[in-house]
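Chains as they are written, first to last, in the numbering used here: chain A, 23 to 341; chain B, 367 to 633.
Hints should not be assumed to be uniformly reliable.
With the Cβ distance kept under 8 Å, some of the chain A side facing chain B (calculated, not the full set) [claimed, not checked]:
#	residue
1	Gly65
2	Gly82
3	Phe87
4	Leu97
5	Gly121
6	Ile126
7	Phe127
8	Ala202
9	Ile209
10	Ala211
11	Leu212
In short, the hints are calculated from the structure, not lab data. Glycine residues also receive a C-beta, built at the ideal position from the N, C-alpha and C atoms.
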Amino acid sequence: MLFSPVPMHIPDGFLSVAVSLVLWVGVIIVVGYALKRVNADVGERQVPLMGVLAACIFAGQMLNFSVTGGTSGHLMGAALATILLGPWAAIVVMACVVGVQALIFQDGGLLALGANIVNMGVIGVTVAYFAQRTLHKLLGKWAGGLFVSGFLSGWLSIVVAALACALQLALSGSSPANLAIPAMAGIHALIGVGEGLITAGALVFLKAARRDLLEEVPAKVVGGKAVWIGGLVIAAALAILSPLASAHPDGLEWVAEERGFLDLAREPLYEIIPDYVLPGVANEALATILAGVIGALLVCGAAAGVAYLRRNRAQSSGV
Amino acid sequence: MGYFLDPFRPRASVVHALDPRVKLGLTLAFIVATALTPPGAWPVYIVLCALALAAALLSELGVGYVLARAFLALPFALAALPVLFTTAGTPLLTLPAPLALTLTVEGAARFIGIAFKSWLSVQMAVVLVGSTPFPDLLMAMRALRIPRLLAAIIGLMWRYLFVLADEALRLLRARESRSAAPFDEPGRRVGGSLLWRARVAGGMVGNLFLRAFDRADRIYAAMLARGYDGEVRALPRPPLRAGQWAVLGAGLAMLALLALAGLLLWG
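Start from the sequences and build out the full structure, keeping to the hints where you can.
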């Protein structure tokens, strides 16, 4: 009842050891850096603040609203944490939430924990940060801007995290890319609506109740270059890998074989490398769904770039 | 009896008495060894399953409890279902025309392998958290060199998890008593439009956030009042005794041999 509002926590057994370890290394680096950044911002207040807010996100995932019949909308919280706390603090908080879910409640595996933190923590937060900053710039004056930017950053954070999750499953050979990617993107495009609505609702409430929280915090904890570069790398990786994977039924393995790391990782483990050919599935249709999501992402990225440049120019001309 | 979220079940078992560092190390090694086992290595799977069952039995948590909790993670196996049909190999059976999918022996082995591995890994994790209180687990994690700051944050998170979960349950109860409770009868109409319900849920989340912010401020003030200076201090960990080292070493060696056998004979 209480756990896994978003079916994105990969259990153990689904990821190959190679994929798990690579993502673990990534998590150690990113979370370590995020801890440093947050420590520089809030100093000794970090431990109580991050700890209580992580508990808050965890408890917030219990809050739901009914959609129809027995289904309900839930919160993952990456977008809300990003908008309220800034990207680095949000990464720390989400890493703690996902870690405790895996360790204590078996919601996601321990070996797969690195991957789960990357998806829900690092990728979810980065995407939400980009989307929110960009939309905030574009819609700043409009009264409904807060609702729209909150909704879209919540929705995007879920969908892109699900794409990353599907890619990892495909890379591990646990689910063929041409099915996993569109299926995960499709399911989470729906689940993301619940996330987006709750995020937006929370922001509207907070604007009415504590306007200062929304205005101060993001300005104080600005992401810096690393977040932008990280976001671009993630967007580029997804944009390149996803269409390739669904356009080529075995595109991912083809890339992996080209690079030679598949043999390194898998040769001793599996004799048969499966080629993901499924007769009767029109890949064009699946690719179209994906193209939409990636297109939206690229538009967001481009708009963010423009907004960023404009801000820089405004600063350098001293306005 | 503990809080309903806390998975720890106090018992007087051998597994409960084991040092948390040994338990965490062996659990992680078990999960890695399981992940390394190639599909089709059935004897290795059986040995791993026997190990998981032995741990469940020795922990006195109840095999039924461990198995039932382990099933929670299984719905995710849906994601691996397509490998039944997409793995090349000897055809086993072909679904009729509109689907025209061919189930292969290799595909079936792969799918069962994935689902079984995930089930075994979860069993071991259930035994670990059922037999180890959270502070001990945190100590074991620090022994595995997770950053001290992160350990302190997670420790505080654990402390306030139950407080905020209660807060969230109170919010839910308040909503239930003021508007319609939607989950009692599936057919019943729920109040308001979808957008309105979503906004109410959002308001509740925002409210929870506000209370958490305030609480964090109060906790910080209380910590300052008691001499907190930004440095997280903890008692030094007692060194592992020879017997505990022996258990850890023997367990690790056995799991390594098992994984190696799987890789060499069936890889």
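* Asked: Does Gly121 of chain A meet its interface restraint, that is, does its C-beta lie within less than 8 Å of any C-beta in chain B?
  -> holds, 7 Å
* Can Phe87 of chain A be said to touch chain B, with a Cβ gap under 8 Å? -> This hint holds: Phe87 of chain A lies near chain B, its Cβ roughly 4 Å from the closest one there, short of 8 Å.
* Evaluation of the interface hint that places Ile126 of chain A against chain B, nearest CB under 8 Å -> holds, 5 Å
* Asked: Given Gly65 of chain A was flagged as interface, is its beta-carbon under 8 Å from a beta-carbon of chain B?
  -> Constraint on Gly65 of chain A satisfied, holds at 6 Å.
* With a cut-off of 8 Å, does the beta carbon of Phe127 of chain A approach a beta carbon of chain B closely enough for the hint to hold? -> holds, 7 Å
* Asked: Minimum Cβ distance from Ala202 of chain A to chain B below 8 Å?
  -> holds, 7 Å
* Residue hint Leu97 of chain A, partner chain B, criterion CB-CB below 8 Å -> This interface hint holds because 6 Å falls under the 8 Å limit.
* **Cut-off 8 Å, beta-carbon criterion: hint that Leu212 of chain A touches chain B** => violated, 13 Å
* Hold the hint about Gly82 of chain A up to the distance rule: shortest CB distance to chain B must be less than 8 Å. => holds, 5 Å
* Asked: Taking the least C-beta to C-beta distance, is Ala211 of chain A closer than 8 Å to chain B?
  -> At about 16 Å, which exceeds the 8 Å cut-off, the nearest Cβ of chain B leaves the hint on Ala211 of chain A violated.
* **Residue hint Ile209 of chain A, partner chain B, criterion CB-CB below 8 Å** => violated, 10 Å
The structure does not agree with the numbered hints 9, 10, 11 stated previously, though it agrees with the rest.
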